[in-house]
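Student: Let's have the full structure, built from the sequences with the hints guiding it.
Residue numbers (our numbering), protein chains in the order written: chain X, 1 to 224; chain R, 1 to 224; chain G, 1 to 218; chain V, 1 to 218.
Just so you know, these hints were derived from the structure itself, not from any lab.
Derived contacts from chain R toward chain G, CB cut-off under 7 angstroms, selection only: (1) C29; (2) P99; (3) Q100; (4) V177.
We treat Cβ as the ideally placed atom computed from N, Cα and C, and that holds for glycine.
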Amino acid sequence: MIEIFATAEEAIADVPDGSTIMCGGFGLCGVPENLVRALGAKGTRNLTVISNNAGVDTFGLGGLLANGQVKKILGSYFRSSEICARLQASGALEVELLPQGTMVERIRAAGAGVFGVYLPTGVGTCVAEGKEVRLFGATECVLEYPLAADYAFIRAYQGDRLGNLVYRKTARNFNPVMAKAARITIAEVEEIVEVGELDPEVIVTPGIFVKRLVKGARYERRIE
Amino acid sequence: MIEIFATAEEAIADVPDGSTIMCGGFGLCGVPENLVRALGAKGTRNLTVISNNAGVDTFGLGGLLANGQVKKILGSYFRSSEICARLQASGALEVELLPQGTMVERIRAAGAGVFGVYLPTGVGTCVAEGKEVRLFGATECVLEYPLAADYAFIRAYQGDRLGNLVYRKTARNFNPVMAKAARITIAEVEEIVEVGELDPEVIVTPGIFVKRLVKGARYERRIE
Amino acid sequence: MSGESSKTRIARRAAREVRDGYYVNLGIGIPTMIPAVLPEGMTVLFHSENGILGMGPPPSPGEEDADLVDAGKRAITAVPGASYLCSDDSFALVRGGHLDLAILGAFQVSERGDLANWSLPGRLTGIGGAMDLVAGTRRIVVTMEHTTRDGQPKILRECTYPLTGRRVVNLIITELATIEITERGLLLKEIAPGVSVDEVQRATEAPLTVDRWLTLME
Amino acid sequence: MSGESSKTRIARRAAREVRDGYYVNLGIGIPTMIPAVLPEGMTVLFHSENGILGMGPPPSPGEEDADLVDAGKRAITAVPGASYLCSDDSFALVRGGHLDLAILGAFQVSERGDLANWSLPGRLTGIGGAMDLVAGTRRIVVTMEHTTRDGQPKILRECTYPLTGRRVVNLIITELATIEITERGLLLKEIAPGVSVDEVQRATEAPLTVDRWLTLME
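Tutor: Shown next, in the form of structure tokens:
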């Protein structure tokens, strides 16, 4: 059952300290910026964040990091975030780096009822250290586990009142897969439309995966 | 590099005896009927077929079974095929029954570079017999392996000249996932359109997965 | 009880397990009768595992579309807000626990909630999506007639037919009773009008505990 | 050799690895220069792992769309026939071996084809899609300058930086040479005009075998 909220602040009002939060987007593209901003304003602390990137210092997750709200971040690429590096160096932030494809396959697994996957990625590198390695034919693979969250913050282009979502271009990225991997998925959209307005052939995220929907108040449309 | 063929017969002309062939469709819905008919006419033998169903005796894979072209069939539901039961009983056909979701996850794995998946489906039932079972938290899971094919016969609604495909309604079913899991994917479509005519947001199967494309000569549009 | 068939009565009781906003998968047989007996005004989206969320009622004769069928291969329609799924996504949804409820038929259910509903001796075989549904779905309700045609119990200590899943059924609804499967076995929650607890127990191989709040089935 | 920069010459040589009909992923740095130097009339679709097949050239200034970027987060365009992918589908495509070719930059390559291209000591970290690309793609071509800025070899017996993958590189293209990685080590296939085999060997830590068909780089 979906709930539609008037503001991002209301949509995230009950997120408690210590939550694990997935955050869609790639770089600054397709980031749920209104939800992240609201979480920054609310000041929720001790967060574990799963996101491909950490935003930049003045946009996206950068704000949460600067506020000291995040205790751990898992993702694949943090080079654009000075603050991320600084907090990691000072010991104030735990950083776990994952190959991007392994990260997203683990997120998919969490949403798809898959309890373990054997992947060839990263064998013989530091990301395989301490992990179970198994030979399939001539290919060594690492056993990887599902990656789930309490909340997923995702961003779509349009959503109907059942929570069906469509995306725009490469702003799709991690949003659809993360929507399936959290206990409570909160989607912000640029536009809310009536049920039946979205072509059933085109819906990327069916409303079954969305628990809360909100129209974002503003979008900066920044390019990193 | 995609090749566009004038007829289904030409598109399947080189399929050798002994091939493993995936066949899209659910029941009679979304079945690549022109490719299957052409394979029947060609008389290729000793086939291993991976398909959710076996058609009915007068349509789809039923024809290949009746011709004695199939030595083994893997799928999830064969109750609608009298001929399938008869051949199995006589020992002329090996039948391997899979849970539908396990079957499709194994097909996905083959296309996605995943070498093994742990699934909770079927634990404690006959489909788990002889398989590795492992405990993840409180959930027992079975280790399942990828399921690939030499050829995938798939059916779509429209395809452009790069092999990008869109489907109609529930005729989508197994077609997109099988398209990714074979060495050579042959797609039949109801209509071939020019590149650029399909909305990029709507393409379900990108042309990278399609090696051969053909416009089907006729479609019966039967309901089982 | 009027002249309503026992199957319709089972469907009507099962409909009460469906809540507003639910996403539900219905097996073949009695479960397919449920949409028609749901209260007005509820928003319920039905999933069919061949690849649709938002399945609507059967089309009018002549309006059938060969590209739009359910998992039983019957022609269907799509409601506003429906969407189509590839098979891999459809079963990821099922196995990932995203459905609120599945209502299935059964040949046998054991007192621990083991389910046998796909294979009968001497019949052609087909598993379909049954094993995936019971492995993934949060809540499994079984609707069936209480006994076989020749009066043999179908609610057993142990299933004798091939299993679909172990310890997966939460609730059984028959024309005689509504029975919850608990950690301590079968709990008789509701009983049909005009039927005694003793009659239900005699039609049931496994022992029943009578709930202290035992009520009449509506 | 005209005044063309060595990076442009590397890109031009690497473009010859791309064939009509290919689906190709390009890493950041020199590989991004390749589309501009491809021969006319070829149909090549470029994949960017953030979720597009059919990436086109950068947009005109003022035409940038914040919803359309590549894996380097730069504004791009989409060619006719392009499609968009969720991240899970994009990496399933990569890891599943569906790309014909990936052309990547490198910090170091070993004589067995080990690749180090994601982590330099003392820099902020990011793996991105590099490990997935080398684990899945059929053919990996590395384009890079032959030595570091201070003249140290980058083609080594063993990589000293953290690895991206083991035994994954098929071909190395530098401003000095084209080197194939074979079962028996490095095979010098082409050499730049005005450069001697001895000079290439001196700039390369691992031993080179000179191919019997050694040719000049175009």
